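**Student:** When you get a sec, could you build the whole thing from the sequences and use the hints?
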Amino acid sequence: MISGYLVTILITIVIYAMLAHSLNIITGHAGQISLGHAAFFGIGAYTSAMLYTEAGFPFWTSVPLAAVVAGIVGALLGVPCLRVRDDFLAITTMGINFVVEAIFLYIPFFGGAMGIGGINLPKWFGREMTKPEYFFLILVVFVFFLLLDRQLGRSWIGLAWASIREDEQAAGAMGVDVVRFKVLAFILGSAIAGLAGGFYAHFLTFIMPQNFGFGQSIVILSMVVFGGIGTRWGPIAGAIILGVLPEISRPIMEYRTLIYGVLLLGMMRFQPGGLLGPESILSKTFQRTIYRLVSPE
Amino acid sequence: MLWQQLANGIAIGSVYALISLGLTMVYGILRILHVAHAGIYALGAYVGLFSFRLIGNFWLSLIVGMAGAAIAGYFVERLLYTPLLHLPRIAPLIVSIGLFTALEEAFRIVAGPHTLAYNARVGLGDLSIGSFHLTETQILILLVTLAILIFLWAFLTKTRTGLAMRACAQDPETTSSFGVNVSAIIAVNFLIGSAMAGAAGVLIGVYDNQVWPTMGSIPAYKALAIVVLGGLGNIPGTVLASIVVGLAETFFIGVLAIPFPRDAVAFVAMILVLMFKPYGLLGKA
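Chains as they are written, first to last, in numbering that gives the first Met the number 0: chain A, 0 to 296; chain B, 0 to 284.
Keep in mind that the hints are not guaranteed to be accurate.
Calculated lysine to any residue pairs in the SDA-like style (CA-CA distance at most 25 Å, straight line) [what the hints assert, rightly or not]:
(1) A/K122 <-> A/M49
(2) A/K283 <-> B/P87
(3) B/K276 <-> A/L88
(4) A/K130 <-> A/G117
(5) B/K276 <-> A/L75
(6) B/K276 <-> A/V182
(7) A/K122 <-> A/V139
(8) B/K276 <-> A/V6
(9) A/K122 <-> A/V6
(10) B/K276 <-> A/G171
(11) A/K130 <-> A/L5
To spell it out: a stretch of chain A is covered by chain B in this simulated footprint if at least three of its residues, at any positions, have a beta carbon under 8 Å from a beta carbon of chain B; those stretches are [stated by the list, open to error]:
(12) 98–105
(13) 216–225
Some chain A residues near chain B, calculated using beta-carbon distances under 7 Å [what the hints assert, rightly or not]:
(14) I32
(15) A161
(16) R164
(17) L263
By construction, these hints were calculated from the structure, which means they are not laboratory data.
The model shown is predicted, which means the values in this text are computed figures rather than measured ones.
Glycine is no exception: its CB is placed at the ideal position from the N, C-alpha and C atoms.
**Tutor:** Written out as structure tokens, the structure reads:
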């Protein structure tokens with residue numbers, strides 16, 4: 000079977016992929032820059048943890064409720080965010096992240112700096128789920144979101160988001176309800192992040208405010224940008240590569256963050272579309288190969 | 000007590016102003032959120048400290064720190080930002096975040112993870128009037144900030160280069176058509192803004208008597224909040240917002256003793272102001 004260490008990495012990667020995917024809805028599809036995505040991840044994790052440990056809800060209801068609460072907060076915070084644009088939005092969302100982290104840290108109700116412990120893996124068939132089973136559970140949920148994403152991309156919602164992303168004023172002039180679709184992106188993105196937070200809390204069994212700080216938001220954003228913003232597979236590729244990197248680079252632990260920073264910088268400087276973006280070397284080579292295979296001469 | 004807090008607040012606010020001004024100038028001309036500006040600030044502190052250890056004179060180390068920061072800022076602009084200007088706004092922002100992370104790590108690897116003392120004798124002496132007390136380093140901060148602000152004001156309003164810079168911030172293309180070398184103006188803009196950040200780094204290094212690798216982390220984000228609060232790209236607004244945040248932090252934490260993280264005050268103030276004035280305190284649509 001899969002070793003404990005490997006399954007831990009796999010679970011972490013799926014959770015990050017889910018987060019990157021959810022941020023991609025807000026930033027990639029709808030074009031709204033968010034630097035505070037970890038706040039919703041945290042809201043989900045705390046909701047699920049509080050419901051489980053304090054109110055005695057089982058995993059199967061606490062985690063979906065975490066998604067609902069994160070979605071509602073996302074809508075509430077998305078509405079004021081509509082008043083500001085571009086760079087103002089980026090900094091406002093960053094501010095929201097700092098404030099949410101401060102609330103978890105300074106309000107005793109949320110366990111303060113000590114965090115919340117005693118959250119367990121879910122139970123089924125009268126026993127606790129094993130880690131490989133848990134991995135398949137969240138993988139199935141994630142695949143569902145990917146299918147949903149494909150459906151959305153083909154629907155009016157996807158078209159409306161694309162039009163807002165490319166030119167908000169033109170979209171408004173063409174009769175697209177800009178406010179409604181922006182809030183929808185915020186709700187959906189935040190709810191998925193909240194769900195990921197619930198999964199994360201039950202997997203780690205112990206959460207602290209520091210897990211959901213601004214640094215975490217940057218990690219998530221890096222994954223999206225690294226893989227290719229706005230593409231379906233890019234954020235997942237980013238989550239896998241940047242999620243595995245810390246594990247294989249243990250010998251060069253000392254320089255890990257440096258490499259991370261330089262990688263991010265170099266990627267944007269020379270391949271701004273990301274690894275799987277439309278203009279990247281990888282996509283072009285792929286297209287060329289396909290073309291050669293299809294056309295005989 | 001009240002006067003004392005006022006003095007403390009203004010001293011902290013002055014340092015915020017020095018950091019934020021460079022940020023707002025960069026935004027005004029390139030429309031880039033220059034997160035790595037705080038890395039330049041920490042670099043200024045390190046360069047100042049090491050030159051202080053070599054020369055032993057504070058004022059010279061301040062100049063060297065400012066020069067080091069200015070040169071670093073120039074290269075950031077030439078090598079990283081200018082080639083990315085045609086891309087969506089998020090590209091330079093991510094580059095900036097990556098650079099900032101890498102810089103902090105580089106400081107840690109080169110100079111070690113410990114805090115280093117910046118024990119400089121400035122030669123000003125403390126000032127006491129009754130119960131009101133200003134430390135030597137507070138006087139230093141106020142004097143240096145005032146000098147730099149006056150220089151900046153004179154430069155922007157009295158010189159031709161300053162005029163060209165303000166014109167560039169309004170409309171680079173039209174300015175270019177009047178024969179102004181926009182590329183050179185952008186470089187000057189980065190040199191001045193980064194020098195101010197370097198000065199702020201040296202001043203904080205002396206004020207807290209320590210220099211450490213992640214000293215830029217909190218200023219990086221706080222300065223962004225201040226710049227937004229003042230209205231992105233607005234220079235008088237930025238000075239006002241810096242003082243407001245410096246005072247708010249000192250009063251809320253020092254006088255009212257609210258158990259709230261000091262560093263979140265700037266963000267709460269920013270979010271509240273943006274809800275009513277989406278373009279900042281003195282910003283225009």
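**Student:** For every hint, state whether the structure bears it out.
**Tutor:** Going down the list of hints, with the structure as the test:
1. A/K122 <-> A/M49: Status holds; Cα separation ~18 Å.
2. A/K283 <-> B/P87: holds (21 Å)
3. B/K276 <-> A/L88: holds (13 Å)
4. A/K130 <-> A/G117: Holds. A/K130 to A/G117 sits at ~17 Å (cutoff 25 Å).
5. B/K276 <-> A/L75: holds (19 Å)
6. B/K276 <-> A/V182: Judged against 25 Å, a Cα distance of about 21 Å means the pair holds.
7. A/K122 <-> A/V139: Status holds; Cα separation ~17 Å.
8. B/K276 <-> A/V6: Measuring from Cα to Cα gives roughly 49 Å; hence the hint is violated.
9. A/K122 <-> A/V6: holds (18 Å)
10. B/K276 <-> A/G171: Given that 25 Å is the threshold and the Cα spacing comes to 22 Å, the pair holds.
11. A/K130 <-> A/L5: holds (10 Å)
12. 98–105: Check passed, 4 qualifying residues.
13. 216–225: n = 4 at 8 Å, threshold three: holds.
14. I32: Interface hint status for A/I32: holds (6 Å vs cutoff 7 Å).
15. A161: violated (14 Å)
16. R164: Where the cut-off is 7 Å and the nearest Cβ of chain B is about 10 Å from A/R164, the hint is violated.
17. L263: With Cβ-Cβ at 3 Å, under 7 Å, it holds.
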